[in-house]
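Novice: So you can see what is in the structure, the chains are spelled out below.
Number of protein chains: 2
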Amino acid sequence: MRNITEDNLVDIVLERLNSESERDYEVISKFIKHIHAFIKDLEPTEEEWFKAIDFLTRTGQTCNDKRQEFILLSDVLGVSMLVDSINHRTKKNITETTVTGPFHTSALNFEMGDNIARGDEGKRGEPMVMRGLILDENNRPLEKALIDVWQSDDIGYYDIQDTNQPEMNLRGVFETDETGEFWFRTIKPKAYPVPTDGPVGELLRASGRHPMRPAHIHFWIKADGCQQLITHLFVAGDEHLDSDAVFGVKESLILDFKLNHSTEDADKWQVESPFYDVVYDFKLARQKT
Amino acid sequence: MRNITEDNLVDIVLERLNSESERDYEVISKFIKHIHAFIKDLEPTEEEWFKAIDFLTRTGQTCNDKRQEFILLSDVLGVSMLVDSINHRTKKNITETTVTGPFHTSALNFEMGDNIARGDEGKRGEPMVMRGLILDENNRPLEKALIDVWQSDDIGYYDIQDTNQPEMNLRGVFETDETGEFWFRTIKPKAYPVPTDGPVGELLRASGRHPMRPAHIHFWIKADGCQQLITHLFVAGDEHLDSDAVFGVKESLILDFKLNHSTEDADKWQVESPFYDVVYDFKLARQKT
Numbered sequence: 035m036r037n038i039t040e041d042n043l044v045d046i047v048l049e050r051l052n053s054e055s056e057r058d059y060e061v062i063s064k065f066i067k068h069i070h071a072f073i074k075d076l077e078p079t080e081e082e083w084f085k086a087i088d089f090l091t092r093t094g095q096t097c098n099d100k101r102q103e104f105i106l107l108s109d110v111l112g113v114s115m116l117v118d119s120i121n122h123r124t125k126k127n128i129t130e131t132t133v134t135g136p137f138h139t140s141a142l143n144f145e146m147g148d149n150i151a152r153g154d155e156g157k158r159g160e161p162m163v164m165r166g167l168i169l170d171e172n173n174r175p176l177e178k179a180l181i182d183v184w185q186s187d188d189i190g191y192y193d194i195q196d197t198n199q200p201e202m203n204l205r206g207v208f209e210t211d212e213t214g215e216f217w218f219r220t221i222k223p224k225a226y227p228v229p230t231d232g233p234v235g236e237l238l239r240a241s242g243r244h245p246m247r248p249a250h251i252h253f254w255i256k257a258d259g260c261q262q263l264i265t266h267l268f269v270a271g272d273e274h275l276d277s278d279a280v281f282g283v284k285e286s287l288i289l290d291f292k293l294n295h296s297t298e299d300a301d302k303w304q305v306e307s308p309f310y311d312v313v314y315d316f317k318l319a320r321q322k323t
Numbered sequence: 035m036r037n038i039t040e041d042n043l044v045d046i047v048l049e050r051l052n053s054e055s056e057r058d059y060e061v062i063s064k065f066i067k068h069i070h071a072f073i074k075d076l077e078p079t080e081e082e083w084f085k086a087i088d089f090l091t092r093t094g095q096t097c098n099d100k101r102q103e104f105i106l107l108s109d110v111l112g113v114s115m116l117v118d119s120i121n122h123r124t125k126k127n128i129t130e131t132t133v134t135g136p137f138h139t140s141a142l143n144f145e146m147g148d149n150i151a152r153g154d155e156g157k158r159g160e161p162m163v164m165r166g167l168i169l170d171e172n173n174r175p176l177e178k179a180l181i182d183v184w185q186s187d188d189i190g191y192y193d194i195q196d197t198n199q200p201e202m203n204l205r206g207v208f209e210t211d212e213t214g215e216f217w218f219r220t221i222k223p224k225a226y227p228v229p230t231d232g233p234v235g236e237l238l239r240a241s242g243r244h245p246m247r248p249a250h251i252h253f254w255i256k257a258d259g260c261q262q263l264i265t266h267l268f269v270a271g272d273e274h275l276d277s278d279a280v281f282g283v284k285e286s287l288i289l290d291f292k293l294n295h296s297t298e299d300a301d302k303w304q305v306e307s308p309f310y311d312v313v314y315d316f317k318l319a320r321q322k323t
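Residue numbers (my numbering), protein chains in the order written: chain R, 35 to 323; chain H, 35 to 323.
Hints are supplied without guarantee of correctness; some may be wrong.
One copy or two, either will do: identical chains are not told apart, so a pair holds if it fits within one copy or between any two.
[To be verified] Below, simulated EDC-like cross-link-like pairs (lysine to aspartate or glutamate); rule was C-alpha separation at most 16 Å, straight line: (1) Lys74 <-> Glu40; (2) Lys74 <-> Asp88; (3) Lys67 <-> Asp290; (4) Lys157 <-> Glu215; (5) Lys256 <-> Asp182; (6) Lys74 <-> Glu60; (7) Lys126 <-> Asp154; (8) Lys74 <-> Glu215; (9) Lys85 <-> Glu60; (10) Lys67 <-> Asp45.
To be clear, the hints were calculated from the coordinates, so they are not data collected in a lab. For clarity, every value in this text was computed on a predicted model and none was experimentally measured.
Given the sequences, and given the hints that come with them, work out the whole structure.
Specialist: Listed below in structure tokens is the structure:
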């Protein structure tokens, strides 16, 4: 086909497809349809097209083993939450999901009760105990559930953003026993901006949007026979709950992070008094068989 | 807004936009609308979403000062040609445009008549003389027009893909005098595959598409008072003219690359006989004032 026009081009591209896999065909053909519709709707200049090429190139090049700028881009566009919503439509009696975000990475294994705040922030920050149960949708305790937790420090940085923190700080993996109980010590998380020194920062500025995320702590929970759960718990009262830069807040995930003044409780949980005493029971969906 | 659903998410994201620039608002809001429509239409799994993140990341990371994988991606999806078509709707009496492609880079300045085939391919390849006029839309010769030309060698490689070629081989910049005439020596270009060792190669394989481009030579022509012209000339008879991997072929850009057996002409143009004798007059649109 040599007489390509604005009108027939998308069909010419689609006709060329000859995927072996039906799903590959579906993914590629739908992407072609929507990206062509976008270009026709926008009518970019050639300079704008090149600016987009450059933006995407730099987004890829900003990624390394400690940073995932394309996930961040997906997050701030609401794409990650849309994918999350589509994939978690059944949510009766299970903990709701939210975005993974760009900061998950490998962590050390800990014993229940260990303190994941292993750097200076452990002294500076507000002490916190996080505890509860890992249950299935029928409220049965899950044994050998793996709880992968990660959070920012008291000034809003994750370990991988901050060379002053010990490696794999403020993250860890815990395993439940037959009671399904978990508990660990940490500091209260704080609100923070997503990284704005890369292409996503440029996009947020061009959008007139702030980069803040309300204070939260991340969980990725896996247990045999259950669907894995990726979620956060958010600190009630945070000023950014209604304007999370990545649209991750769900009402059911906002929790009262209560300040506990009991010195007896502080002794029991081996923290200084007063401390934030946060209790939450996670409920995982049973795997479809 | 805390009760995000599949249905209200796109509006929540759009409401957050507060761009200073109207065009920024238009670009970003339209992209958000179309990318959300694509995700809703496709309903990707979380694994597929991550595969897309990984694909885009690797596409960015494949780019360097000699390779532009995102332009190649745009090319094979037909996006580059769509942007080209939208931006060049008026084409009466001017040379038609086509894609820039991923292989343009800086080149040496040459005198008219110089040979841009400076490596072994200059001995192996089929000698060719390319000549003609640079004119405006009123057929007036353009003085001091800069003709930036680039092409692959006789086995289908550009200099920047092939360490055996001299640096900046088979590319060059020529400047016209008051006659508007140009001529240079080279070798006849050959059909070649776009690079398939990166993410775009994966996409082509998943699409069941071949990676071939019909033989062509690239031109980027600039002259004072005229709109710049980015185009190719294609070799008539090439078997890939109807299935160019980047959809760049236009009927008006296909040219008979004639074999000239005249030893007199060969002496005149300082090439061995027989040689390909290719004549084309480029016509540039006057700049809108």
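Novice: A separate judgement is required for each hint: does it hold in the structure or not?
Specialist: Results of checking the hints against the structure:
1. Lys74 <-> Glu40: within (8 Å within a copy, 25 Å between copies)
2. Lys74 <-> Asp88: neither (20 Å within a copy, 27 Å between copies)
3. Lys67 <-> Asp290: neither (46 Å within a copy, 35 Å between copies)
4. Lys157 <-> Glu215: Answer is neither; intra-copy 26 Å and inter-copy 77 Å both fail.
5. Lys256 <-> Asp182: within (8 Å within a copy, 58 Å between copies)
6. Lys74 <-> Glu60: Between copies only: 13 Å across chains, 21 Å inside a chain, cut-off 16 Å.
7. Lys126 <-> Asp154: Classified as neither: same-chain Cα gap 41 Å, cross-chain 71 Å, threshold 16 Å.
8. Lys74 <-> Glu215: Neither: 55 Å inside a chain and 38 Å across chains, both beyond 16 Å.
9. Lys85 <-> Glu60: between (29 Å within a copy, 15 Å between copies)
10. Lys67 <-> Asp45: within (9 Å within a copy, 22 Å between copies)
Checked against the numbered hints above, the structure violates hints 2, 3, 4, 7, 8; every other hint is satisfied.
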